[in-house]
Amino acid sequence: MDYFADLAVKLSIFAILATSLNMSVGYTGLMSLSHAGFMGVGAYTFAILTTQSTNPPPGAEMFNLPYWPALLVAGIIAAVAAIIVSPILRLRGHFFVLATVTVQLTMVQVLLSWKWMTNGSLAIRDVPRPSFLGHVVGSPQEFLLFSVPVAIFLILVIRQLVQSPYGRVLTTIRANPSVAESIGKNVGFVRLRVFATTAFMAGIAGGLFCSYVTVAAHTQFLVEFSTFILVMVVLGGSGRWMGSILGVLGYILISEGVRFIPGIPPTMVGGVRTMLFAGLLFLAMMYRPQGLIGRYKLE
Amino acid sequence: MDTFIQIAINALALGSLYALLSLGFAVIYNTVRIFHVLHGAAFLVAGYSTYWFTKGEIFGYSPGFNIWVSAAIGIVLAGVSGIVMELFIYRQFRKKGAGFLVSFLGSLAALFFVEGMLITVAKTTHRMARPGGPLPTVNIQNEALGLDLYFTWHTINTIWLVALLVVAVTLFFKYTQWGRMIRAVASNPDLAVAVGINASHVYLLVFILGSTLAGIGGVVQTYETGITPIVGIHLAITAAGGVIIGGIGSLPGAVVGGLALGLAQTLAAYFFGGNWAEPAGFVLLLLVVLFRPYGLHGTREHRELRRLL
Amino acid sequence: MAVLEISNINKSFGGNLVLDNVSMKAELGKVTGLIGPNGAGKSTLLNIVSGFLKADSGSILMNGVNIAGKPPYKAYKTGIARTFQDAQVLFYMNGLDNVVVSSPNQRGEAEYNALLRPRMVAKEEKERRIEAMAHLKELNIESKAESLSQALSYGQQKLLEFARMLNSRAEVFLLDEPMAGIHPDLIEGLTKMIRAAATDHGKAVILVEHNLKVVMDVADHVVVVRGEVVVEGKPSEIEKDERLTNAFLGFVSNAAT
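Chains as they are written, first to last, in the numbering used here: chain A, 214 to 512; chain B, -5 to 303; chain C, 479 to 735.
Pulled out of the complex, with its shape left as it was, chain A reads as follows (with noise of 0.2 Å):
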């Protein structure tokens, strides 16, 4: 039973990703790939604010907030990475995905090197769960009380988001941004919204996982995450919020299949899962790139 409120924490963790990374790609069409870069960014913040280890980072020792303001914490100053680095948005197609696949790479070398304060590649250890009530959460289904009301609380927002005025003004932008400018629209100003806000949500997803697994390591928001969660979209179908969740859902069945392929050692199964997803990326794209129930193809 634990291993499968296991996946339902990662289940809600990646819904929030991918659903957030489907506002910016599908409805915006910013093919951003640096989503597990804020990710990181925010899962680090949040170590960094409340780890009660004994071996913390010495930048980190200063820090000390309680767990909820601490994740409103990480989900901001991801959202102010992000504005950092918006000048890219003024970029054109390919150049924007390529600078922000270039950003991503920056952003987890960043992690790793400013050692002071993150600890570089020793990772930040016992960062701690939500508690209610005095009682710290111990198991997955505990840990699945907090996450999946803070996913869907999230998920909702988007949703009322994309599906309002504003998210017409979204999908204008991605339809046509000229015609999108010349009918009162400030283009620029609202990327640059929803690229932070988006990069708020993968901060806010980025403190719960590191609280969920307890460490933050900069290996678990690496380039090829970033693909994946773009997989996740693609397949779930981008332009409709719904469909990330599928996609999530793909993504976790797939992932966990692999573990019980006959022949394959433990110490292979990263490696496969790599290929795997690579894989039905590179299918999509050449097959499918509307994905299972997708408004529209990339183009």
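By construction, these hints were calculated from the structure, which means they are not laboratory data.
From the three backbone atoms N, C-alpha and C, an ideal C-beta is built for every residue, glycine too.
Treat the hints loosely; a few may be bogus.
[What the hints assert, rightly or not] List time: in silico SDA-like cross-link candidates among lysine to any residue, alpha-carbon distance up to 25 Å:
no., chain 1, residue 1, chain 2, residue 2
1, C, Lys508, C, Val692
2, A, Lys328, B, Asn269
3, B, Lys89, A, Gly306
4, C, Lys508, C, Leu617
5, C, Lys555, A, Leu405
6, B, Lys89, C, Phe569
7, C, Lys532, A, Gly401
8, C, Lys552, A, Arg303
9, B, Lys90, A, Gly306
10, C, Lys601, A, Asn399
11, B, Lys89, B, Val74
12, B, Lys117, A, Leu325
13, C, Lys552, A, Phe402
[To be verified] Chain B is nowhere near these chain A residues, computed Cβ spacing over 12 Å in every case:
no., residue
14, Phe217
15, Ile296
16, Pro362
17, Leu369
18, Arg406
19, Ala409
20, Val426
21, Ile465
[Stated by the list, open to error] Have a look at the derived ranges for each label pair, beta carbon to beta carbon:
no., chain 1, residue 1, chain 2, residue 2, range
22, B, Asn192, A, Tyr500, 25 to 31 Å
23, C, Ala629, A, Ser344, 52 to 58 Å
24, A, Pro271, B, Leu81, 50 to 56 Å
25, B, Asn192, C, Asn544, 53 to 59 Å
26, C, Glu605, A, Ser391, 24 to 30 Å
Given chain A's structure and the hints, the job is docking chains B and C onto it.
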């Protein structure tokens, strides 16, 4: 003074490797107009082949070839991988009329697929192909000139080898028929086809050439410094970076861009520590993309319209 | 007093002077035709007025306020709407959304309102949809309201674009070669609509067009441009004017050759 020379040597060596990768990338980009991130895979293929044929073992089988033979095999395989990439990936995307984004993501996916395959089979440990371990460091000291330099022969060899290759490539494009055909297709594909040039062949040729160059880089790197699967994407972005910094559309620019990245990284390593080398390179790339997207030598395109579609 | 006064606009690209001291006016209820040979600077002028390009010098007064140099979305807010060459409808959005989106001042477009004031947003959205639907009806494409815009024929897309413009509540309409690519049978209908926009809706229409017959039929005032203003006046006045023919044949100014 000697710090200056030391930095120059290191920067030149690192920059030469990047220049080689960028050159290969540029050769492909100029003709195919795709950010061919799969370029990293050619590097990996050559590097791992060299390693495996020399020192490695798979399923109990260990070839143990001579290093030169392995290197040659590695380079050839890199070229072959280029053919595979063009025939089975890019040509298919072109046939479907896929736009840039879909091709780019497909290319990225393919790169990660290759990386995943290598991780599965070879794990992420650093592999070095040179039999017998790393080369000894040479130390040149000269009291009079105030020199105290450290480098290995590998460093020096990298520099002149890349310089040689750059010259060879330049001559190829200037004086051979194939080189001219490639330039024709690169500058005006429709016209080139109209005068009878077989564009499909040219595309293949370009991928062979570019991937072989990347492969040479892979062999050189694996020989001394070592290789691990996850560098694929880092190198692909670095190669793209060299091209962008030096100016899209320009081959000499790609070389200069690669050297510039090598310098930026070496300086960052010197001032802030080795860990900051790579981020420094990427920050340089981002700055150039934001403020001078056509780089130093690139073809200047008039961009006045305020809003870019 | 003209609603839109364009004064002394100069624009160069590289070394080329494309617009040389160009001035013109647009008045409410009137259609002003802007004609000239290819490369004369007509589209450039439209781009400058709508904010997509910055003039090197000159002013653009919209209701007395100088909007030169303002970005397109700000120009829109002062009451200038434009179309683009080639019907630019928004793909993957249906006909109605294509039109409603141009409704100005939609409070639901801000995150704050969308999240925290859903009832107000829903009410406003309902009103704007009714307004947009009326424009679709006016152009006889209300049946396409639920259809995805890419499924429409080219002519219908042009109409959709026009409906979007009507819905914008703008006072000035900039039309960039609306007749391009339109089947001859549909030209008359479209021409009537342009006339109606000015006469019935009271808009100031600037019509850039290569189809000279349409321009002479529908315009109250015509400006001939070839880098500079060559001649202007009522259609009947300038039709026979030598300068008009010369402008198209290339015997006039140094600018924009």
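* **A/Leu369 remote from chain B - nearest C-beta pair above 12 Å** => holds (29 Å)
* Asked: Hey, C/Lys552 versus A/Arg303, does the alpha-carbon distance stay inside 25 Å?
  -> Distance of about 18 Å is within 25 Å: holds.
* 12 Å Cβ clearance of A/Ile296 from chain B -> holds (15 Å)
* Asked: Can we confirm that no CB of chain B comes within 12 Å of the CB of A/Val426?
  -> holds (20 Å)
* Asked: Given the hinted pair C/Lys508 and C/Val692, is their alpha-carbon gap at most 25 Å?
  -> This hinted pair holds, its Cα atoms lying about 15 Å apart.
* Are all beta-carbon distances from A/Pro362 to chain B longer than 12 Å? -> holds (34 Å)
* Do the alpha carbons of B/Lys117 and A/Leu325 lie within 25 Å of each other, as the hint requires? -> holds (21 Å)
* Within a Cα-Cα threshold of 25 Å, do B/Lys89 and C/Phe569 meet the stated pairing? -> Holds, because 23 Å separates the two Cα atoms, which is no more than 25 Å.
* Keeping to a limit of 25 Å between CA atoms, is the pair of C/Lys601 and A/Asn399 held or broken? -> holds (24 Å)
* **Cβ separation check - A/Phe217 to all of chain B, threshold 12 Å** => For A/Phe217, whose nearest Cβ neighbour in chain B is about 26 Å away, the distance exceeds 12 Å, so it holds.
* Asked: Between C/Lys508 and C/Leu617, is the straight-line Cα distance small enough, at 25 Å or below?
  -> Distance of about 20 Å is within 25 Å: holds.
* To do: Verify the proposed pairing of B/Lys90 with A/Gly306, using a straight-line Cα cut of 25 Å.
  => OK: B/Lys90 and A/Gly306 at ~19 Å, within 25 Å.
Hint violations for this structure: none, all hints satisfied.
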